[in-house]
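Q: Chains as they are written, first to last, in full-length UniProt numbering: chain A, 1 to 138; chain B, 1 to 138; chain C, 1 to 138; chain D, 1 to 138; chain E, 1 to 138; chain F, 1 to 138.
It cannot be assumed that every hint is accurate.
Put simply, identical chains are the same to the list, so a pair is met inside one copy or across any two.
[What the hints assert, rightly or not] Mimicking DMTMM-like on lysine to aspartate or glutamate, the simulated pairs with C-alpha atoms at most 25 Å apart in a straight line are:
id, residue 1, residue 2
1, Lys-35, Glu-47
2, Lys-35, Asp-89
3, Lys-70, Glu-31
4, Lys-70, Glu-95
5, Lys-138, Glu-31
6, Lys-67, Glu-31
7, Lys-67, Glu-47
8, Lys-138, Asp-89
Derived from the structure by calculation, the hints contain no laboratory data. All values reported here derive from a predicted model rather than from experimental measurement.
There are 6 protein chains.
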Amino acid sequence: MSYPVSIYRMAHFNAAHQLAVPSWSAERNNETFGKCANPNFHGHNYEVEVRVTGHVDPETGILINLKDLKVIIEKEVEDRFDHKNLNLDCPEFIERIPTVENICIVIHEILRPHIPSDLDLGIRLYETPRNFAEYPGK
Amino acid sequence: MSYPVSIYRMAHFNAAHQLAVPSWSAERNNETFGKCANPNFHGHNYEVEVRVTGHVDPETGILINLKDLKVIIEKEVEDRFDHKNLNLDCPEFIERIPTVENICIVIHEILRPHIPSDLDLGIRLYETPRNFAEYPGK
Amino acid sequence: MSYPVSIYRMAHFNAAHQLAVPSWSAERNNETFGKCANPNFHGHNYEVEVRVTGHVDPETGILINLKDLKVIIEKEVEDRFDHKNLNLDCPEFIERIPTVENICIVIHEILRPHIPSDLDLGIRLYETPRNFAEYPGK
Amino acid sequence: MSYPVSIYRMAHFNAAHQLAVPSWSAERNNETFGKCANPNFHGHNYEVEVRVTGHVDPETGILINLKDLKVIIEKEVEDRFDHKNLNLDCPEFIERIPTVENICIVIHEILRPHIPSDLDLGIRLYETPRNFAEYPGK
Amino acid sequence: MSYPVSIYRMAHFNAAHQLAVPSWSAERNNETFGKCANPNFHGHNYEVEVRVTGHVDPETGILINLKDLKVIIEKEVEDRFDHKNLNLDCPEFIERIPTVENICIVIHEILRPHIPSDLDLGIRLYETPRNFAEYPGK
Amino acid sequence: MSYPVSIYRMAHFNAAHQLAVPSWSAERNNETFGKCANPNFHGHNYEVEVRVTGHVDPETGILINLKDLKVIIEKEVEDRFDHKNLNLDCPEFIERIPTVENICIVIHEILRPHIPSDLDLGIRLYETPRNFAEYPGK
């Protein structure tokens, strides 16, 4: 019983995005990002997996209150990104391209202050069921 | 053995779209379409289910050649809509709003001439795993 | 374009239930319902698929407003059955055993008055991913 | 309540098969069936969806006893085809090529005598999650 | 080839449960556990992922006999918890609340003596597809 | 931002195989591998999860070019194993039995030279949705 336990909660948001380095030519962006560089945007159903790791409270048998965690994720992640254009509507992606890797890191940065500091936080983000990223964070 | 059989093939494309009647005010569009009216677009991973119904050839045991059907769907549906903005990049949606219902009907119209006329064609389109439409067509 | 279109919306609820005919002996209930007759209850994650069928409005491209449909399903189905004991908490199942077939029919009865009468309504209910029922209704 | 209800049960089996008309040349089989004509066989995880349609017994709330249906499917379908080579081990496919369409029809023929005659029986067979067939039968 | 390999096997059980600290007031339990504190119970389709980690036998290419592992999981986990009320029927949860975290730890304790001591054992438990826990154990 | 990120890409192939130690008797193979020892082969839809772990390029926000990774996996894994008999068609399994563990290790060996040496590579292989293996490699 001395091993840490992880609890996972899934969330989702539907968003448009474009992958392109602003200072690059269209050709170079197409070469690197292919169809994802379409200047008119495309989009995805993003599935977010939030992992919190730590020790279970012996009285309640829970690691973190899932009701509270669900509200935090809704407010901080879903309300922020759902039905948005990540490039145009979201200041988080002004200086960082909204790749699946970067969105994963940004969600970690957003949620980290809301999770007790003695618990670890990890984020996995599915851009499609066949293409996803994971940021184990701390 | 006299009943018709259906064969199904799944395909997918990732696209951006916006739901709004161009002649309406932003307020009226928001009231009707909610977050889907975001003028900067949002997006989805669309899953297309193509159904072809008819009788099996007794010698080959097949209804329609799946290799050929797969190529038709790739060329006519996936290449046309994948990584596109349905409102800006696709002439099919100049006069029709790209709702899940309309995209379903449009895909039926596109594929119908490519399927032998003695076979029925139906389309189901998943906008998300929890929100989808079906057009049984003919 | 003269064929009707269907739009589908998924919902879910987690509930406990027991399958047993009250007037039967425990032996007869065990013979018929097996482990499902456990008098202390067991439970499921129920997935509800709501289908509405009719014609698309040519101006908006929609069949029924999904925002409104979602609210109706939340209020009438999810709030009513989620985290409930179907046998003890839900008057709908006082005189009908909460089998997957009956729950399907009951959800149809509950939702029917809330859907415009010119649209058809069908319900599919997943008790598990491998065991489900469908009531096409009208 | 006068509409028929359907109950569905999923089953599965893992099998090898080859698609080729025995009297055809290798070239003609490759042209028609592509990689599926590999004479050394390939294989799939088949998912079978069995649908039984009829009226619910008002006392028990069930259409057909699922415990019994599960045993019939295990004995007649899973035990017969699981971990088999459909071409070499299964007499059902001596005169019929084991296409997804034909396997669907064969399963219907096998199960039909075991289902009460006042109930309809339909079979859907997934060869992969993206390629499947349906035989509505009677 | 010197890295350990993991083999995974899924199992499932359907059960009822209630989350509440017996010595707390109904108000405090509702505040902490929300709808999960319903004294009449609710339920879930639990999916168990059993992971065994170690080195592959060079002759057979297997880490642990999956046939045997499947039987152990059926007997020790599925038969014990399937179609049960975890609070009323299962002595494992007399002194521990059946939260997803605790059920995960309990399954690890139950299976650990049945797995060779040179192999590691980890458990992941899905309470719903969107809410799950993991206990990496040893 | 100093933690490594992982990017995942799914691929799949459908193949036949048999599990048996060539030097063993049929009885001993049946005892160990059960139905998987069928000398006429059986088959599966294999799902491959390729994980690449490292640091994100600050300019592009990507870890590895997914377009390129997809082509490598198609060429090196899918083209090699799809619609093949792993025992008869694939020299990789002449001296190693194609268990899910060994296929996982073999795919790691095949892909490792194609991934930049400063990035880690891990493979997970689903033989069925309920039976899978993972090789974390390096």
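Q: Run through the hints listed earlier and report the numbers of any the structure violates, in increasing order.
A: 4, 5 and 8
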